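Undergrad: Go ahead and model the full structure; you've got the sequences and the hints to work with.
Residue numbers (this note's numbering), protein chains in the order written: chain E, 1 to 270; chain H, 271 to 649.
Treat the hints as calculated values from the structure; they're not laboratory data.
Small disclaimer: the values here were computed from a predicted structure and weren't measured.
No residue lacks a Cβ here, since even glycine has one placed at the ideal position from N, Cα and C.
Honestly, I wouldn't trust all of these hints.
[Claimed, not checked] Taking beta-carbon pairs under 10 Å as the criterion, some of the chain E residues facing chain H (in silico):
1. A134
2. L135
3. T136
4. G137
5. L139
6. D166
7. R167
8. L176
9. P180
10. L182
11. R186
12. E212
13. S219
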Amino acid sequence: MTDALARIEHAAVSMLVALGVALIGVPLLLTLYLSVFDEKLILFPPHAYTLDWYNQIPATFGAPIWTSLRLGVTATIGSLLLGVPAGIGLSRHRFRGKGVISTLLLAPITVPGIALGLAVYIVMVAVDTNAGSALTGSLAGLVLAHVMITTPWVVRLCLASLATHDRAAEEAAASLGALPLLVIWRVTMPAMRPGIIAGGLFAFVVSFENLELALFLSSPGVTTLPVAVLQYLEYHIDPLVAAVAVAQTIGIAILLLLLDRFVRLGRAVQ
Amino acid sequence: MMVAPEASSLSLRNLVRRFGAHAAVDDVSLEVTPGELVVLLGPSGCGKTTTLRLIAGFLAPDEGDIRLDGSSIIALPPHKRDMGIVFQSYALFPHLNVARNIAFGLEMRRAGTRATNARVQEMLRLVRLEAFSQRLPRQLSGGQQQRVALARALAIHPRVLLLDEPLSNLDAALRQDMAREIRLLQQARGITTIMVTHDQTEAMALADRLVLLHDGKVQQIGPPEALHLRPENPFVARFIGGSNIVRGRIDAGTQLGLSDGSSVALAAAYQQNGEATLAVRPDSIRLGAPDQTGRRVEGSVELCTWLGATVEHVVRLSPGVAILARGPGLGPDAAPRHKAGTRVTLHWSADDEFVFDASDRPVPAYTPHFSPTRETNHV
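TA: Printed below as a string of structure tokens:
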């Protein structure tokens with residue numbers, strides 16, 4: 001009886017795993033398949049295959065990709081500059097308003113992207129009308145908004161990497177003559193390395209694939225890749241978008257694999 | 271004890287540190303002479319670690335002063351205090367190898383590459399880890415990590431060495447070796463040292479002087495023998511040697527009357543009558559069959575436990591009082607074992623008996639040498 005139960009349980013687990021893999025894998029494989037159709041419209045079955053769509057990516061999406069890359073890198077650097085010290089401060093010190101700051105830093109993860117995008121747009125327009133600045137629709141404006149949604153990831157991962165860190169190591173460094181900033185640089189930061197790297201990676205990916213904020217904040221000169229893809233899809237249904245998706249997936253996968261060699265990301269994300 | 275010419279003196283004066291309304295350290299004063307090893311001993315929560323953290327500068331005292339070679343260091347941050355600290359968790363830097371861990375303090379002092387390397391080599395030799403200089407801390411055993419922590423603390427020529435429960439993470443066999451090693455190193459270097467522990471055996475083995483703390487207050491300061499032979503209050507008697515504590519009233523100078531109406535005959539006579547506490551160590555008590563000589567403390571055996579080297583009896587004197595007695599378990603002097611339910615007499619000498627008054631101060635025995643009571647009662 002228990003044997004039969006165990007077998008059923010085993011079969012159920014296997015089926016769920018297979019289902020999960022299929023849910024993730026099938027769309028990816030279909031996209032990959034689609035991206036090599038030699039058709040102007042998506043017809044099935046295709047009469048020929050081609051890699052030409054990949055050649056066309058730079059011409060059509062070169063500028064948005066460049067914008068998204070610059071945006072992603074800047075937002076990542078910005079969120080690291082904010083998030084790493086915030087993570088150290090939140091894990092190391094007790095101070096008034098710690099709870100509020102902690103909530104504010106992590107809140108953007110929980111607010112729906114569209115609501116956030118609209119709110120940021122309204123605020124930026126208000127700031128621009130009152131201060132005479134030109135944030136709305138500029139790359140700087142986008143960077144600011146992206147730093148807001150990427151910082152929580154950095155803070156969270158930094159906090160996680162410090163949770164198991166022995167505070168006494170910092171006291172030991174101090175007793176050996178290290179000034180407070182040197183303690184952070186020589187002892188705390190090395191201990192946070194997996195968290196910092198994973199946090200930066202998450203920040204970049206979150207920024208790179210973000211659509212909701214960019215929908216409100218991009219302008220003709222400053223268009224990110226997700227927005228460009230959306231706009232393209234309004235007028236064309238051809239395999240180019242599939243090629244872009246595959247290229248993006250492969251790019252991020254390579255990034256993940258490379259980073260995983262240096263830090264055990266699995267551990268940092270727990 | 272060899273005292274290094276540069277060894278420092280350390281003085282704690284009326285230190286108070288509160289956490290909320292609770293005083294974790296309550297008016298602690300202590301003078302540590304150059305080259306001395308003082309052990310802060312006490313149960314957990316007694317304030318010993320807080321005291322150590324005050325000395326290291328990780329905490330600021332609410333009141334009182336700390337003086338190093340006569341000058342106050344209260345205002346100095348930890349990195350300017352020149353104290354070598356060995357933490358309970360060792361707190362080695364996990365991303366640096368052994369040599370770089372030891373070199374850390376020297377790099378902070380900008381000692382120069384050549385001087386640093388020479389000092390690191392010297393320290394590695396001192397703790398016999400030359401072969402391990404390139405290992406990371408996680409590749410070392412607990413005892414090896416402990417020695418690296420010690421080498422790292424000593425490398426900077428600290429004015430005071432602070433040891434926070436340095437042996438508690440080691441297994442029993444290694445602990446004794448390490449205790450000896452620490453003592454030898456400390457004596458060879460003649461370095462002023464303060465160590466914190468809750469383990470009285472460890473404390474006895476290492477200390478020049480013991481400071482017994484309880485509830486943030488100093489209970490007694492002195493060489494280990496003094497705390498053993500002349501406890502100043504029932505807590506000291508209880509903590510050092512695990513004395514049996516019996517509370518009652520002294521009546522007629524030689525009897526301790528208990529609240530349940532029975533009484534215990536004392537080994538000596540005491541002039542002071544009234545509320546009193548008796549303390550007798552388990553090791554001082556001999557059990558015998560009932561006899562007819564003068565003083566008699568009698569009870570029935572509740573439990574007999576043979577532990578190899580020792581044999582322990584729990585003897586109930588009265589409904590409210592049970593006494594632990596411990597004797598040798600092996601060899602020609604082995605104490606006889608008594609079955610549960612056996613009636614036995616308990617014997618101890620006047621020297622092994624400590625009596626304290628209502629305010630827990632020791633009460634001296636009354637002219638015991640001329641007391642006829644004592645002559646007949648002494649076993």
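Undergrad: Decide, hint by hint, whether the structure agrees.
TA: Hint by hint, here is what the structure shows:
no., hint, in the structure
1, A134, "45 Å, violated"
2, L135, "41 Å, violated"
3, T136, "45 Å, violated"
4, G137, "45 Å, violated"
5, L139, "37 Å, violated"
6, D166, "5 Å, holds"
7, R167, "8 Å, holds"
8, L176, "3 Å, holds"
9, P180, "8 Å, holds"
10, L182, "7 Å, holds"
11, R186, "8 Å, holds"
12, E212, "39 Å, violated"
13, S219, "45 Å, violated"
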